[in-house]
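Novice: Please build the complete structure, drawing on both the sequences and the hints.
Protein chains in written order, with the working numbering: chain Y, 1 to 139; chain G, 1 to 490.
To be clear, the hints were calculated from the coordinates, so they are not data collected in a lab.
Predicted model only: the values in this text are computed from it and were never measured.
Glycine included, each C-beta is placed from N, C-alpha and C at the ideal position.
Any given hint could be a false lead.
Said to hold, decoys possible - Rough simulated footprint, nothing fancy, chain Y against chain G, three-plus residues with beta-carbon under 8 Å:
(1) 278 to 286
(2) 446 to 454
What the hints assert, rightly or not - Listing some non-contacts, in silico: residues in chain G with all C-beta distances to chain Y over 12 Å:
(3) Asp-290
(4) Ile-292
(5) Ile-304
(6) Arg-342
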Amino acid sequence: MSTSPKILIVDDDPDFIEIGKLSLEGKGYRVLSASTGKEGWEMVEKETPDLIILDLMMEDLDAGMALSGKVKSHPRYQAIPILMLTSISRETGMDFTPRTEEDLKKLRVDDFHSKPIKPRLLLEKVETLLRRRADKKEG
Amino acid sequence: MMPLTKILIVDDEPPIRVACAKILSEQGSTTVVAENGLVGLEKAKAQDFDLVLIDLKMPQMDGMELLGHLNVLDPDLVKIVITGFATLDTAIEAVQKGAYDYLPKPFTPGELRTRVNRGLEKRALLREAKRLREEREKNLLELANEKNRTQTIIHCMGDGLLVTNRDRQVVLCNPSGRRLLKVKRPVQVGEPLDQVAGCPEFVELIESTLNLKGGQEMTSKEISPASPSDPVLMANCAPVKDEKGQIIGVVTVLRDITELKELDKAKSTFVSMVAHELRAPLAAIEGYLDVILDGVGVEDPQKINRILDRSRERTRGLLALINDLLAISRMQGGRVSREKERLQLSSLLREVVELIKGEALERQVELVADFSEELPLISANREDLTRVFTNLVDNAIKYNRPGGKVFVRARANDAFIHVEVQDTGIGIPKEEREKIFDEFYRVKSKETQRISGTGLGLCIAKRILEAHNGDIEVESQMNVGSTFRVLLPI
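Specialist: Shown next, in the form of structure tokens:
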């Protein structure tokens, strides 16, 4: 790989962005951030990140889902892996936690985890998703 | 002998009067004499007698006529007729006219005593009967009053009362009961329960009370409303037992607990909001600590310092939140009555401005205090008002822009002191202007995202001002600034 992968964090919690940045930058990733779905989309168009870490609930209940849908239905961006994070299920009683590959497809994301997520696990998930994408490209 | 008996002797013949009086006095009676019917009647009217001896043949008013008058005067007075011509006819006539007995002349002292004593016994019986009769009447009257009173109480009860028998019939339903059960018509005694009770849940509850096993004294249940606009009812059912302990019916007290339920709901909403607000900063602090502890390779001291700074900031926010929560709970509990003093608001405002100057300088905001030294004194709690104005001035600085200004003004009219805290900041969106006084409400925007706050400051300020019979309102223009106006009565 010529340059280090670009990761976009879309989250309305500045602390989470900070924590994500610290963890990912420590491993040499380049990190971009956005705090709304709208900003996130602008960043996708401008920067074409290699991976998106996306919060499900931001300015709207489903802002994250709207963004993932937009990304996955766009021919240029649909290959970008999306890791969705949320604490929504516990807060609202609505359980979005996907349990099968099927569920993930419906959410139009590649992986899902509830918050909080340990930095080590976040890094593992990011690495796995990036590797999977690289394998796909080669294969 | 009979104590304290009073006897009237009416006879026109002095020797008989005197003789009778003497004989009867000897046996302990008080005697009064009269020479004819007219005088006799006067004396009977003047005082009470137990017995009257009446000669039938007298001038002015004869015995028969006197009998008639005495019957009216006191029906229980025992009258004994003395007659010189004791025929059966006159005796019968006298008895028909109300005489108890008759005594033919001439009579012996023994005959007199016998008849009189029998008469006095009769009199005692009559008096006892009268007493009993009066007592019974009095009891009946009381009973009627008692019944009325109970009925009135049941009728006026705020709680609904429903009494049902074993046959699932309604025996009683008071007006509140009808109102709570939404029964618009009068309830007839003996109506089937399910026609009155409305919902099956309630019928079941009464049913289960009828089948209560020994030991259990009551059943209670919340009856959920059929439609959301209906009241939520609490039904307390107690069994009515006969002397053998068999359950013969159920007394149900119905209470409207809608308001209590709403209060309960508001309380749990508040608790879940508090939990959420407490979790957010703690989760952030935990996240920062994890970055260091999880060994993901953050070793740069500068980065570690940034992490610690951010954690510290979040800890401060958490403490501020807890302090605000304590302030709110103290106000809600109402346990501590806040001591008020006569205070000079201008010196309080000056202290607030002085205290907050440093922060203003740091944020490059100019703080302008514009009020006179002397304002009318107000009665207020110093600590509470300091909290209000510190919060308002602090907000005006936090939500300002670099190079901005904050004006603190105060003036008085006849009844109020007006305090204005004006900023040149980001402004508050119109639709959110009322909500900012709600618990935990914060305007969410790009500008506010990095500004720390508990979401309780204005809510506390409003409550404090309300407790001082004052008020707070806000005027704002986006990107121009906001003005908070406080009104405090003099």
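Novice: Next, verify each hint and record whether it holds.
Specialist: Verification of the supplied hints:
Interface restraint, the stretch 278 to 286 of chain G with chain Y: holds (4 residues with C-beta to C-beta distance below 8 Å; minimum three). With a cut-off of 8 Å between beta carbons, the stretch 446 to 454 of chain G has 3 residues touching chain Y; three or more are needed, and the interface restraint holds. Not every CB of chain Y is more than 12 Å from the CB of Asp-290(G) (nearest about 5 Å), against its label as outside the interface. Once the 12 Å rule is applied to beta carbons, Ile-292(G) is inconsistent with being away from chain Y; the minimum gap is 9 Å.
A beta-carbon of chain Y is positioned within 12 Å of the beta-carbon of Ile-304(G); the least distance is around 9 Å. Every C-beta of chain Y lies more than 12 Å from that of Arg-342(G), the closest at about 46 Å, which supports listing it as non-interface.
The earlier numbered hints that this structure contradicts are 3, 4, 5.
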